[in-house]
Amino acid sequence: MLSDYLDEMGVRSGDVFVMMGLATPEGLYDVWSAEALKSGIITKVFSYSDEPGYVTGGTDDESGDVVNIPPEIELLLK
Amino acid sequence: MTTRLGLLTTFWLIVTGLLVALVATASAGAKQKTPEAWPMNFALVRNGDCKVSCVQWISAEGTITADTGRQFEQFLAKLKGQRLPVVFQSGGGDVASALWIGRMIRAAGLETAVGRTVLNGCPMLVPRCPEKIVKNGWSEGEVHAGGAYCFSACPFALAGGQVRAAAVGARIALHQITDGSKKSAYADGTQKPRRNFYEA
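Going down the list, the sequences are from chains A and B. Under our numbering, the first residue of the first sequence carries the number 1, and numbering increases by one thereafter. Under our numbering, the first residue of the second sequence carries the number 1, and numbering increases by one thereafter.
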């Protein structure tokens with residue numbers, strides 16, 4: 001049910017299940033911005049202090065590449 | 001002697017009364033939920049008078065309950081097609097309800113974001129206080145992306161957005177889904193997680 005939903009929304013269900021599996025049985029797995037972007041949980045990243053609406057990075061609509069992302073996130077993607 | 005006994009009785013009555021009051025206060029405190037644990041509700045919020053420009057959004061905060069999906073459906077119906085971003089801050093909750101919300105958001109073509117709403121005039125510790133939420137109208141406030149959180153079932157509702165955004169300083173977190181017996185497919189060893197999912 002969940003994997004169907006995530007696929008329907010354009011989120012990589014396999015990645016999400018891996019991250020869920022990385023959580024301890026009683027705890028949470030913190031999703032890094034890079035992981036959230038790559039898995040499709042989010043498609044845009046705001047800089048820390050901006051309000052929603054001011055986009056600093058995200059995925060290119062045509063190529064699907066991650067573009068214009070903050071340097072600290074770029075490092076994580078390499 | 002009689003006076004001493006009377007004083008002693010009064011003393012013990014006062015002590016007992018104080019103890020009872022203390023227990024009652026502690027019990028009420030334990031039952032009182034923090035804002036994060038309140039059931040999710042929805043509010044139309046704007047920043048600015050909107051005569052020239054303003055920021056408008058749907059603030060969705062609190063725990064997702066089995067009834068939240070139905071409430072969101074009713075809320076959306078009142079918007080009459082207005083396409084506003086849905087800004088979530090939630091510790092999660094009912095997964096089925098979260099999926100329903102996500103599907104409604106996608107069907108309506110809305111965007112989503114992780115953000116915390118601060119309503120004007122609310123106390124610092126309850127920044128989205130119920131008394132400042134205007135029913136059937138616009139509440140006034142600000143939205144902050146940094147420091148907001150979306151845990152557990154919340155990212156599933158967030159996924160419904162056509163465009164979905166979060167700040168570098170926001171927290172998105174997932175956990176294993178259990179059947180209530182505290183055992184999961186991963187925890188009981190029937191399914192092993194792939195650690196290197198970047199290579200998938």
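Just so you know, the hints here were simulated from the structure itself, not pulled from any lab data. Yeah, the Cβ is synthetic: ideal placement off N, Cα and C, and Gly gets one too. It is possible that some hints are incorrect.
To be verified - Label-pair ranges, simulated between beta-carbon atoms:
hint: 1; chain 1: B; residue 1: A107; chain 2: A; residue 2: R12; range: 30 to 40 Å
hint: 2; chain 1: A; residue 1: G14; chain 2: B; residue 2: P123; range: 41 to 51 Å
hint: 3; chain 1: B; residue 1: V52; chain 2: A; residue 2: S3; range: 41 to 51 Å
Unchecked claim - Derived, one-sided and incomplete: chain A residues facing chain B with beta-carbon distance under 8 Å:
hint: 4; residue: Y5
hint: 5; residue: V31
hint: 6; residue: G64
Unchecked claim - Which bits of chain B does chain A cover? Going by a derived footprint, with three or more residues having C-beta under 8 Å, they are:
hint: 7; region: 37-46
hint: 8; region: 141-153
Each hint tested on the structure:
1. B:A107 with A:R12: 30 to 40 Å: violated, 22 Å
2. A:G14 with B:P123: 41 to 51 Å: Holds, since G14 (chain A) and P123 (chain B) (Cβ atoms, about 44 Å apart) stay within the stated range.
3. B:V52 with A:S3: 41 to 51 Å: Taking Cβ atoms as reference, V52 (chain B) and S3 (chain A) lie about 46 Å apart, which means the hint holds.
4. Y5: Cβ of Y5 (chain A) sits 5 Å from chain B, so the hint holds.
5. V31: holds, 4 Å
6. G64: violated, 14 Å
7. 37-46: violated (count 0)
8. 141-153: holds (count 7)
Comparing the model with each numbered hint stated earlier shows that hints 1, 6, 7 do not hold.
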